Amino acid sequence: MIEPLATDEKVVFERTEVLTDHALHYCPGCTHGIAHRLIAEVIEEMDIQDRTIGVCPVGCSVLAYQYFDVDIQQAAHGRAPAVATGIRRVLPPDRYVFTYQGDGDLASIGMGEILHAANRGEKITVIFLNNAIYGMTGGQMAPTTLPGQKTTTSPFGRDTAQTGHPIRMCEMLNTLVEPVLIARGSLSSPKGINRAKKLIRQAFELQHQGFTFVELLSTCPTGWGITPTDAVKWLDRNMTPFFPLQVFREPGAMPDASHKYAPDLKVRDEA
Amino acid sequence: MAGQRLLMKGTEAIAEAAIRAGCHHFFGYPITPQTEIPEYMSVRLPPLGGTYLQAESEVAAINMLYGAGGAGVRVMTSSSSPGVALMSEGFSYLVGAEVPAVIVNIMRGGPGLGNIAPAQGDYLEMTRGFGHGDMHAIVLAPSTVQEAVDVMGLAFDLADEYRNPVVVIGDGLLGQMMEPVSFPDTEPKVFDKPWATTGKAKSRPRNITNSLYLDADQLEAHVRDLDVKFQRMDVEQRAECWMTDDHPEIVIVAYGTMARIAKTAIRQLRAKGLSVGLYRPITAWPFPSRALEPLVEPTRAFLTVEMSLGQLVQDIRAQVGRRRPVSFYGRAGGVVPTVEEIISQVELLHASLAAA
Amino acid sequence: MAGTDVVMAGFGGQGLMAIGKILAKAAMDEGLQVTWLPSYGPEMRGGTANCVVVIDDQPIGSPVVRQAHAAIVMNKQSIDKFEPTLVDHGLLVINTSLIDRRAERGDLRTVYVAANEVAESEGSGKAANMVMLGAYVGATGIVSPKAVEYAIAKTFEEKPKAAESSVRAFRRGYAAAQGQPS
Chain A
1 MIEPLATDEK VVFERTEVLT DHALHYCPGC THGIAHRLIA EVIEEMDIQD RTIGVCPVGC
61 SVLAYQYFDV DIQQAAHGRA PAVATGIRRV LPPDRYVFTY QGDGDLASIG MGEILHAANR
121 GEKITVIFLN NAIYGMTGGQ MAPTTLPGQK TTTSPFGRDT AQTGHPIRMC EMLNTLVEPV
181 LIARGSLSSP KGINRAKKLI RQAFELQHQG FTFVELLSTC PTGWGITPTD AVKWLDRNMT
241 PFFPLQVFRE PGAMPDASHK YAPDLKVRDE A
Chain B
272 MAGQRLLMKG TEAIAEAAIR AGCHHFFGYP ITPQTEIPEY MSVRLPPLGG TYLQAESEVA
332 AINMLYGAGG AGVRVMTSSS SPGVALMSEG FSYLVGAEVP AVIVNIMRGG PGLGNIAPAQ
392 GDYLEMTRGF GHGDMHAIVL APSTVQEAVD VMGLAFDLAD EYRNPVVVIG DGLLGQMMEP
452 VSFPDTEPKV FDKPWATTGK AKSRPRNITN SLYLDADQLE AHVRDLDVKF QRMDVEQRAE
512 CWMTDDHPEI VIVAYGTMAR IAKTAIRQLR AKGLSVGLYR PITAWPFPSR ALEPLVEPTR
572 AFLTVEMSLG QLVQDIRAQV GRRRPVSFYG RAGGVVPTVE EIISQVELLH ASLAAA
Chain C
628 MAGTDVVMAG FGGQGLMAIG KILAKAAMDE GLQVTWLPSY GPEMRGGTAN CVVVIDDQPI
688 GSPVVRQAHA AIVMNKQSID KFEPTLVDHG LLVINTSLID RRAERGDLRT VYVAANEVAE
748 SEGSGKAANM VMLGAYVGAT GIVSPKAVEY AIAKTFEEKP KAAESSVRAF RRGYAAAQGQ
808 PS
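From first to last, the protein sequence lines stand for chains A, B and C.
My numbering puts the first residue of the first sequence at 1, with every later residue one more than the last.
My numbering puts the first residue of the second sequence at 272, with every later residue one more than the last.
My numbering puts the first residue of the third sequence at 628, with every later residue one more than the last.
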């Protein structure tokens, strides 16, 4: 039982109601919890809890459906953008649909689904947590693992001659015409976290205009095998140079409409 | 248009029947011999305010069904054997999360890329649960274009009633042929879906579409609940017994297009004085054992005929056991057993019974 | 009536599928049971194309026919392929515009018609298929010419000119079959 507040006390912080009381299962120093709270706060601040449907992935955040107090679907590995497409296309347009995905889910097994959802301009928000490793399965190499980075399946360091370089999702999606917001933030500092929340808010606000994508560089002290404090330094030192913190696409900075070429399409005119 | 006879291709009739059953949302990927279904949907659904979306793959399509079905609408996809195989994972998720949806499989020759000719080689794949885990789904196997129309409405009702995906299987012949059809003039049944993820009103707890149960005891409880539901589906058994009232000596067993080819053979055999009838499963799962059982004692021998090398016959042998001989004739790879081949098989069987 | 069936074969583009559908629709409108089954797939693209129509007054079993009662053949490959498969005393409707031989089997009933020339004389070379359909219907009486003409009109609902030339071509084929088969 919580004591009632004395009248002269001032509330300076409250937990968002959009998160449930369920205790998070994430490891100490993991930034998933922060990302969850930022999303939940945005939903609360926009007052859209009753109109939001979430889709969670397979990966460490597989249990995210326990934490967000919104209608939510748990998707197969990598398929969250397809599931979100199904939801978005059949529900009234005032709904907000978001996916929450990690790098293995989104940039490896789910590469086809994310590219095509973005290319179709699905009116959804994708929150992409990039921690350069597979967390849930215990620290294996991800498509975003850095060159030379040791993981349990790249024990001598990622060999780019064998496995290629890390995939930069924002940059790749930025080649497409349809997305309206593509941005990368970082959860390695309070400043970065504040910026990340602004990006998430912007994404939700723009969602009904088109596809919105926010990548958040994240830590995985357990998978990386270092302490939480070292993990944020490691992120800043190693990940940020390769994954620059940047807004790649936003309204007003849309790709040149000269993409609107004028092809000669006189086929099947009878149809 | 209700009641009126229209000449329609099987694929197009299936699509129209789905729309009339209240399915206004379709997600799919082109593959022969069923591409007229998505083509038809792409014309018909947008003006109805529905969704036609060409997915990037069958994998994406089945997951779009998961999202849409989870959000509470009637939704379907269609594909053919190799494409359907790609949907197996998503199908299991539909069952696990109890999401209704309808999947049409217009079967073609396999394995592998096989060919685009008609086949029934997916019977075991479809009827044994079609996905990882302990699971089942109702499988409907129409034999004519009219029956395909009739089972589409049934498929959506069963999917909603049991909150489980339903499969409709046909072969390339059923998909490509035209026959006169008429559509029922009944309004689609409407099911209450308080579980749908449509946005959480303040008055209710959130809805979750989920198949994950990390705790083993919880998952077992969930799977047992599903199993009770699968057992309840047993009442949906459907079969046709044709020309069996006079207790024929030989009963041919066949489903789908194969069964109607067998009917022509039976007419000709009867004209020659042979005593032959037909047992035709309409639900490939649940296997319609109740209709088969009364035929076992009076029948001297069964002959199962398939456009595959012996799949349905396993279910027949499992039930008939040693009580009566069950022989088999099948062709594969898109080759369809002919009326003449069936006749000669029955004549051989009849001769061997006479000699015994 | 006893059930019957007809295979229609020729090059892709000669309109065999179309006349199969028209015949099927005419049969349906006359209250009969009918199936129309195409050969499908890559062979549709420019090679030989065929379809089979089965007509009966009771529910139709097999839509697949190995030994047809009749064949409409519009090119050489088709007569070579389907003549040997017809039932005894079956009917063969031959397009002499593109087939330079007679039927080889002595038992068959035959109708010879120069479908392309006849169609061209009616103003549309495209309607050779309608001439062939007319010859088949004239030789068998399986459906009334009126039902076929109605089905043609429905098929070309938005192209009245094509409908008119098709009906004329159909009538010419129908008339050509009178006096034949021999």
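Hints were generated in silico from the structure; no laboratory data involved.
Nothing here was measured: the structure is a model prediction, and the numbers come from that model.
Please note: incorrect hints may appear among the correct ones.
Said to hold, decoys possible - Reference listing, derived: stretches of chain A covered by chain B, where coverage requires no fewer than 3 residues with Cβ under 8 Å from a Cβ of chain B:
| id | segment |
| --- | --- |
| 1 | 49-57 |
| 2 | 110-118 |
Claimed, not checked - The calculated BS3-like cross-link candidates involving lysine-lysine, where the alpha carbons are at most 30 Å apart (straight line), are:
| id | chain 1 | residue 1 | chain 2 | residue 2 |
| --- | --- | --- | --- | --- |
| 3 | C | K786 | C | K753 |
| 4 | B | K500 | B | K543 |
| 5 | A | K198 | A | K10 |
| 6 | A | K266 | C | K648 |
| 7 | A | K10 | B | K473 |
| 8 | C | K753 | A | K266 |
Stated by the list, open to error - Going by beta-carbon spacing under 8 Å, a handful of chain C positions derived as facing chain B:
| id | residue |
| --- | --- |
| 9 | K652 |
| 10 | G688 |
| 11 | S689 |
| 12 | R736 |
| 13 | Y739 |
| 14 | A741 |
| 15 | R798 |
| 16 | A802 |
Backbone N, C-alpha and C define an ideal beta-carbon position, used for all residues, glycine too.
Quick rundown of the hints versus the structure:
1. With a threshold of 8 Å between beta carbons, the proposed coverage of the segment 49-57 of chain A by chain B holds, since 6 of its residues qualify and at least three are required.
2. Coverage of the segment 110-118 of chain A by chain B holds in this model, with 4 residues showing a Cβ closer than 8 Å to a Cβ of that chain against a need of three.
3. Distance check on the hinted pair: K786(C) and K753(C) sit about 14 Å apart at the alpha-carbon level, within 30 Å; holds.
4. A distance of roughly 47 Å separates the Cα atoms of K500(B) and K543(B); the hinted pair therefore is violated under the 30 Å criterion.
5. The straight-line distance between the Cα atoms of K198(A) and K10(A) is roughly 25 Å, inside the 30 Å bound, and the hint therefore holds.
6. For the hint linking K266(A) to K648(C), the alpha-carbon distance of about 29 Å falls within 30 Å, and the restraint holds.
7. Taking the CA atoms of K10(A) and K473(B), the gap is about 27 Å. The hint holds against a cut of 30 Å.
8. Under the criterion of a C-alpha separation no larger than 30 Å, the hint pairing K753(C) with K266(A) is consistent with the structure, at around 23 Å.
9. The beta carbon of K652(C) comes within 5 Å of a beta carbon in chain B, closer than 8 Å, and the hint placing it at the interface holds.
10. For the restraint placing G688(C) at the interface with chain B, the shortest Cβ-Cβ distance is roughly 3 Å, inside the 8 Å limit, so the hint holds.
11. The criterion of a C-beta within 8 Å of any C-beta in chain B is met by S689(C), whose closest approach is roughly 4 Å, and the hint holds.
12. Contact between R736(C) and chain B, as hinted, is not supported at the beta carbon level, the nearest pair being about 22 Å apart and thus beyond 8 Å.
13. Checking Y739(C) against chain B by beta carbon gives a least distance of about 29 Å; that is not within 8 Å, so the hint is violated.
14. Nearest Cβ of chain B to the Cβ of A741(C): about 30 Å, over the 8 Å cut. The hint is violated.
15. A cut of 8 Å between beta carbons decides the hint on R798(C): the least distance to chain B is about 23 Å, and the hint is violated.
16. A cut of 8 Å between beta carbons decides the hint on A802(C): the least distance to chain B is about 27 Å, and the hint is violated.
The structure fails hints 4, 12, 13, 14, 15 and 16 (numbered hints given earlier, in ascending order).
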